[in-house]
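Please construct the entire structure, taking both the sequences and the accompanying hints into account.
2 protein chains.
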Amino acid sequence: MERIARQGLLYDFYGALLTEHQRHIYEDVVFYDLSLSEIAEEQGISRQGVHDLIKRCNKILEDYEEKLHLVKKFEQTKKLAREIQSLTKEFAGSSDMNLIHRIEEISGEIIELEAH
Amino acid sequence: MERIARQGLLYDFYGALLTEHQRHIYEDVVFYDLSLSEIAEEQGISRQGVHDLIKRCNKILEDYEEKLHLVKKFEQTKKLAREIQSLTKEFAGSSDMNLIHRIEEISGEIIELEAH
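Chains as they are written, first to last, in our numbering: chain A, 195 to 310; chain B, 195 to 310.
Hint data in this document are derived by calculation from the structure and do not stem from the laboratory. Among these hints, one or two may not hold up.
The list cannot tell twin chains apart, which means a pair is met if one copy fits it or any two copies do.
Restricting the straight-line Cα-Cα distance to at most 25 Å, the calculated cross-link-like pairs of lysine-lysine (DSS-like) are [stated by the list, open to error]:
1. Lys-249 - Lys-266
2. Lys-249 - Lys-283
3. Lys-283 - Lys-273
4. Lys-283 - Lys-272
5. Lys-272 - Lys-261
6. Lys-283 - Lys-261
7. Lys-249 - Lys-261
8. Lys-249 - Lys-272
9. Lys-249 - Lys-273
10. Lys-253 - Lys-283
In structure tokens form, the structure reads like this:
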């Protein structure tokens, strides 16, 4: 996964656990693609200060993922749900009952994933 | 939801964010149903100390849920997956194509839930 995409995903899941100040600057870099110099000027802190804050946020977010694995788990669930979607379309064209059994199996896998 | 069930669920999701000491005592109360006095004796702390620690853990876990809503979201996903499971069984008995369309819709709802 691209670094920015990964950062965005981690932020989606755990961003609420950062401080408002961290969130503001992190969004400027990751979502609005502002340069460190631009943010430094806007915030009245050094370029190095912005750099350190982003690095610290990345670490905080990765630490949460290492403990909770939510990004990984949600990605797996999404993948299984997409598989069900595609199997329903395939079934509409083929009426192959094996596809229905496979859909039932996959829904069971989702329940397992979500069950803890 | 019963208090103990709720505590167990929150712990499943966010327990990894507690300290090892907190986890140990929290499990003794919530999963092993030990009394405060038993734990106080085992840990060499006061009964009140155990009581305060549990209360603090409950607050930490509820705060994470308030920010991240994972328990709520996972419950919704699980409910939808169960619905798919039950619709596949119903389809096997009826061959009603509307059920297939409903399954496709529900898988889309799961993807939405997981997409953020």
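Here is what the structure says about each hint:
1. Lys-249 - Lys-266: Within one copy only: 21 Å inside, 31 Å across.
2. Lys-249 - Lys-283: Answer is neither; intra-copy 44 Å and inter-copy 50 Å both fail.
3. Lys-283 - Lys-273: Close inside one copy (16 Å) and across copies (22 Å); limit 25 Å.
4. Lys-283 - Lys-272: both (17 Å within a copy, 22 Å between copies)
5. Lys-272 - Lys-261: Both: 20 Å inside a copy, 22 Å across copies.
6. Lys-283 - Lys-261: neither (37 Å within a copy, 37 Å between copies)
7. Lys-249 - Lys-261: both (19 Å within a copy, 22 Å between copies)
8. Lys-249 - Lys-272: neither (29 Å within a copy, 35 Å between copies)
9. Lys-249 - Lys-273: The answer is neither: 30 Å in one copy and 38 Å across copies each exceed 25 Å.
10. Lys-253 - Lys-283: neither (42 Å within a copy, 46 Å between copies)
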